[in-house]
Each structure stands twice: as structure tokens, then as C-alpha cells.
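Protein chains in written order, with UniProt numbering: chain A, 1 to 212; chain B, 1 to 138; chain C, 1 to 210.
FYI, nobody ran anything at the bench for these hints, they're computed from the structure. Backbone N, C-alpha and C fix where the C-beta goes; we use that ideal spot for every residue, glycine too. A couple of the hints might just be wrong.
[Claimed, not checked] 25 Å max Cα-Cα, derived DSS-like pairs, lysine-lysine: (1) B/K54 x C/K93; (2) B/K48 x C/K93; (3) B/K18 x B/K54; (4) A/K143 x B/K130.
[Claimed, not checked] With the C-beta cut set under 8 Å, the calculated list includes, among others, these residues of chain C facing chain B: (5) V2; (6) T6; (7) G25; (8) V98; (9) T102; (10) I105; (11) K108; (12) N110; (13) A111; (14) M124; (15) F126; (16) N129.
[To be verified] Cβ-Cβ distance ranges computed for the label pairs, FRET-style: (17) C/D180 x B/K48: 30 to 40 Å; (18) A/N19 x B/I34: 47 to 57 Å; (19) A/S153 x B/M120: 19 to 29 Å; (20) A/L62 x B/M120: 16 to 26 Å; (21) A/N137 x B/L132: 12 to 22 Å.
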Amino acid sequence: MATNTQAQTQAQSLMKLDNKASKRSAMLLEQNVSRPRRDRVGLSAFAFLFAEIIRYSQNRVLGIQELEAKLSEVGQRVGVRVFELAMWREKTVHRETRVLQTLVFINTVVWRVLFDKQADSLERSTENDDEYMITDNEPAILKYISVPKEMTSFSPGAFISGIVEAIACCCQCPARVTSHVVPADGLPLRTVILLKFDSEVMDREKQLEASK
Amino acid sequence: MIHALFIINRSGGLIYHKNFSQHIVQLSSNEALIFAGTFHGIHALASKISPAPKRDTPRDTGIQTIDTKNFRMHCFQTPTGIKFIAVTDLMQTQLTGALGKMYMLYCDYALKNPFYNLEMPIRSEMFDTKLLQLVQAH
Amino acid sequence: MVVVYTIYIFDRHCECIFYTEWNRGRSPLSDDSAGRPKSGKGPANTAHAIDRAGTHLSGDAQRPVVWPTSATSTAHRVSPESPRNTAMEEEAKLVYGVVFSTRNIINKLNAKDGPQGGNPGGFMSFATNTYRLHYFEAPTGVKFIITTDVSTTSMQPVLEMIYRNIYVEYVVKNPLFNIDPHVSTPIENDYFRAVLNNYIREISSNTAAS
Numbered sequence: 001m002a003t004n005t006q007a008q009t010q011a012q013s014l015m016k017l018d019n020k021a022s023k024r025s026a027m028l029l030e031q032n033v034s035r036p037r038r039d040r041v042g043l044s045a046f047a048f049l050f051a052e053i054i055r056y057s058q059n060r061v062l063g064i065q066e067l068e069a070k071l072s073e074v075g076q077r078v079g080v081r082v083f084e085l086a087m088w089r090e091k092t093v094h095r096e097t098r099v100l101q102t103l104v105f106i107n108t109v110v111w112r113v114l115f116d117k118q119a120d121s122l123e124r125s126t127e128n129d130d131e132y133m134i135t136d137n138e139p140a141i142l143k144y145i146s147v148p149k150e151m152t153s154f155s156p157g158a159f160i161s162g163i164v165e166a167i168a169c170c171c172q173c174p175a176r177v178t179s180h181v182v183p184a185d186g187l188p189l190r191t192v193i194l195l196k197f198d199s200e201v202m203d204r205e206k207q208l209e210a211s212k
Numbered sequence: 001m002i003h004a005l006f007i008i009n010r011s012g013g014l015i016y017h018k019n020f021s022q023h024i025v026q027l028s029s030n031e032a033l034i035f036a037g038t039f040h041g042i043h044a045l046a047s048k049i050s051p052a053p054k055r056d057t058p059r060d061t062g063i064q065t066i067d068t069k070n071f072r073m074h075c076f077q078t079p080t081g082i083k084f085i086a087v088t089d090l091m092q093t094q095l096t097g098a099l100g101k102m103y104m105l106y107c108d109y110a111l112k113n114p115f116y117n118l119e120m121p122i123r124s125e126m127f128d129t130k131l132l133q134l135v136q137a138h
Numbered sequence: 001m002v003v004v005y006t007i008y009i010f011d012r013h014c015e016c017i018f019y020t021e022w023n024r025g026r027s028p029l030s031d032d033s034a035g036r037p038k039s040g041k042g043p044a045n046t047a048h049a050i051d052r053a054g055t056h057l058s059g060d061a062q063r064p065v066v067w068p069t070s071a072t073s074t075a076h077r078v079s080p081e082s083p084r085n086t087a088m089e090e091e092a093k094l095v096y097g098v099v100f101s102t103r104n105i106i107n108k109l110n111a112k113d114g115p116q117g118g119n120p121g122g123f124m125s126f127a128t129n130t131y132r133l134h135y136f137e138a139p140t141g142v143k144f145i146i147t148t149d150v151s152t153t154s155m156q157p158v159l160e161m162i163y164r165n166i167y168v169e170y171v172v173k174n175p176l177f178n179i180d181p182h183v184s185t186p187i188e189n190d191y192f193r194a195v196l197n198n199y200i201r202e203i204s205s206n207t208a209a210s
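This is chain A alone, in the form it adopts within the complex (with noise of 0.2 Å):
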């Protein structure tokens, strides 16, 4: 007999255990997309699947630089419907149009989207008026990576810099976006978002500023 309901509330605890799973996975895959901070992605998961992409984008080019193209293109595409995701999300109902707010936009809403944070900073170039700079100090999607020493100038966060360029592609403010890692103490993966602004963008932004 005491065997018996052992058994039973075994069976029992078990079967609370299965619902519960199922419903955790289903809460997972039926997430409303508006929700902007239940769903997250596992890093490892990402980590497996990123460090695919860059093995074979590896496989298809001849020289760091076309790799980094090749992942800055993956970049954009995701970039593309990050953009449409975060605006459906923030319910904004303007669309950003100065240099400057794009900029914000990015550094802030998009980031929280992509990193669940903020970037750590946006600077102006001092030597350049078009350009300027978003610094992650440790972005997550690069954590496992270490750039072998031959490759030392290859930057994974062309990644990171397809999807922001994408971005302003659509606040209609082009921009050539690079990357760059720039370590500090403590800080191996310390990357900088260069965006340099295309000529007509910054006219435009002169114009309406005389406009004002």
C-alpha cells in the first residue's frame, strides 16, 4: 500500500513536472513578439549558431576584409527587421529623421532590443563631423570568440555594425558603418560602431538646421 501511493505521487509530481515544461516551452514559442523584455535567446545557443556563420562565411572568402563584409551583409538583413521590431515595439509613431536622434535611437532602443542594456557610450569624432562612435564594452554576442593572432585586424563585430548600419540605411540617414576592437583594462572585447555619414546626410542636416 505505501508503496502504491508512493508511486502515485511520484507519478504525480512527474506529471506536474512535464506540464510544467511544456507550458514553459509553449509560453517560450507563443510569445507575443510586442513583449519586449520575457523573450531572451540562450547565449550559448547564439554563441553555436554565430560562430557558425562566421566559420562559413570563412569558408567562402579570400581575406579579412571580405569576411568582414560578408558578416557586416548578415548584419543588415537582421538589421532590416530589428528596425521594424523595435518601432513596433516602442509604439513610436515618428520615424527618426536628424543625425542626431538616429543616433540616440540606435544607442538606446536598439541596443536594449539586441543586449537587453544600453551601448556604454556615443561620442562625436573630434577629428571628423560626419563620424561618430558607439562603444560596447563588452558586447555578449562576442564573448566566446578569440581572434587568432594572424587575424588580429579582423573585427567580429562586423556583425554588430551590418545591423547599425542597416538601421540608419533606414532612417534615411546612409552611413558606412565599421567596426573596430579597441581593448581596454579588463576589457579584451571593448568594440567601437563607426558610423560615417554619407556627404547628402550631412547637407541635409546643414539645410535644416538653417532652417530652423
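Using the hints, position chains B and C against chain A.
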């Protein structure tokens, strides 16, 4: 105190070797390869010559520790056949925890690194750094 | 409690000159009757007789199996037809190979360009999940190996004791022991066997009591 670490892949090839102190000899790369091959062999043979009665003992899974006058060697074999071998001082009776953490580092910083080729030597700066942190904290 | 499984003694020629076992479930000796001296065959018969004669010394009916005897050892085989226990030979070779390689890698890690022979690295034991193997090398190159359960960590004093007070006393000092510097001779000394057997039984039960 961990003096050195060796990682051996499932076919007996050395994929990582690092000394953390001067306590044991710094092997040349050739000597380290021989070490790996030899250890791989004795690890497998040691389970073959188990004298324990087969009836009531589990299957022998190979060498776990080696005691010597000056140091102790700990071996942790993953279910996938990779061996983590640490050389420590004699005070260290158990190292399963630290070796498990090293296995985790291997999974994170070697396997998830797009520039790592399976079964090949680990050349990853991040792995080096994290491993050193782990050894120093230990 | 110390559970002793086996003892191996290897001489300078890497040849197993003595093997005995306790508490071992299946072994190449008990599996394969070919390894045991059979009565009715010339040299094997004498070995058997000696074996039986030793019984009263140990005072124990359950005498451990030993190997090799002059009838089965490779070096001293009288004729090709003599019984040979290949499984046991194989195992002895494996054991020797494992301890020899282990000793060498430890020597390598211990001192650069150190002496090649001997045990300067101080290899003492290794453990798997089912047993522990203890190693002791005499300065003369004779190697004593004892396997026990995993939890018995220090058998160095025991091995040293076996070397100093049993091997030297009953084997080396025995004028009838034919120490040939060029050929291996199996230890067939009954006093040695009996004293060793008693000593192992003693340490097994002693530690159990303490």
C-alpha cells in the same frame, strides 16, 4: 596550488599544455606530445588490469590520481573522452570541482570560438585568460 | 580496512618473478587451468609438491595462488610442451608496461635531464575508481607492486617492509636461490611465500581493528 594542466583529446593527442609554476619541468612541445600519448595509453591499460572483483564493482574508468613524492596528478575524463590532467601539490586531495570548471571553460571558450578546430590544439586568448584566473583563484 | 588484491615482483630484466593474489574474483590464474601445475607431468609435478609442502608453514588452508613457477616461467621453461599461462604472462607485461611508463613520465616532469633509470621522481601510487596500485622500486632495480582497494592510500612502508624484511631475508639470503645475473629466476621459496602471506593477512586484519 595547480602547477600545470594538460588536455588530451579522445585519440591521445595533446590539445593544451600550460605550466603555472616552476615546480615541475617545462616540457618541450615534443616531450609534451609524448607525455600525452603515454598518459593516454596507461590510462586505458590501467582499467584493463583492474584486479578488483568484477561482480560487485563498477566498470573501471581508468586512472584518476597519481601520487608521487613531489606532486599529485589528477585526471578527469569527460563522458566524451577528453582528459583534463592537472599537476598539483600533495595537499590537493580532490580536484574534481576545479577540473569540472576547466571543462566548462573548454566548452565555452574553445568550442564556441569560431576559430577553433575540433581535436586541434587550443589557441584561444580568452581561454588562456579565464584559465589563469581560475588557477589563481584556486 | 585494507583489501589487498595482488602483489607483483619484477626483476631487473623486466620479468615477473613473483605473483600472488587475494580477494580477486576472476584472474588469469583461476580462469586458466593451464597456468596451474598439473600433477603427472615431470617438472610441474615437483612444483606442485613444493606448493603442498608449504601449506603447514602458513597454517592456512586457503593458500593464495602464485605464479610463475619454474615450470611456467618463460625463461626457465624446460620444454615447449610445459604448461604456459599466456593470459597471466600478458597481464604481467601490461602491469609492467603501465608502471614503467608512469614512472618515466613522472621522472620527466620531475627533473630535466635527470637520470633515466630508477625512480627519482618518486612514483608512489595511482588510483582508478576500482583499485589503487602502489609502487616501490628497490635501489637494485627490483620492483614491488601491490594493488589494493582505492581508499588505502599509503602502502609505501608495507612495500618497503616486504623488500627489506621478507624479500632480502628469505629470498636473497637463501643460499639455494639461484640468482643468475643474466636470467630471471622465479621465486619459489616457500618460506618467502608463507611469511608474505602471513604479513599481508596481518596488515589486512590489523587495520580493520584499528
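Right, here's what the structure says about each hint:
no.: 1; hint: B/K54 x C/K93; in the structure: 21 Å, holds
no.: 2; hint: B/K48 x C/K93; in the structure: 12 Å, holds
no.: 3; hint: B/K18 x B/K54; in the structure: 38 Å, violated
no.: 4; hint: A/K143 x B/K130; in the structure: 12 Å, holds
no.: 5; hint: V2; in the structure: 14 Å, violated
no.: 6; hint: T6; in the structure: 5 Å, holds
no.: 7; hint: G25; in the structure: 3 Å, holds
no.: 8; hint: V98; in the structure: 5 Å, holds
no.: 9; hint: T102; in the structure: 5 Å, holds
no.: 10; hint: I105; in the structure: 5 Å, holds
no.: 11; hint: K108; in the structure: 6 Å, holds
no.: 12; hint: N110; in the structure: 6 Å, holds
no.: 13; hint: A111; in the structure: 7 Å, holds
no.: 14; hint: M124; in the structure: 5 Å, holds
no.: 15; hint: F126; in the structure: 4 Å, holds
no.: 16; hint: N129; in the structure: 5 Å, holds
no.: 17; hint: C/D180 x B/K48: 30 to 40 Å; in the structure: 32 Å, holds
no.: 18; hint: A/N19 x B/I34: 47 to 57 Å; in the structure: 56 Å, holds
no.: 19; hint: A/S153 x B/M120: 19 to 29 Å; in the structure: 23 Å, holds
no.: 20; hint: A/L62 x B/M120: 16 to 26 Å; in the structure: 22 Å, holds
no.: 21; hint: A/N137 x B/L132: 12 to 22 Å; in the structure: 21 Å, holds
The structure shown violates the earlier hints numbered 3 and 5.
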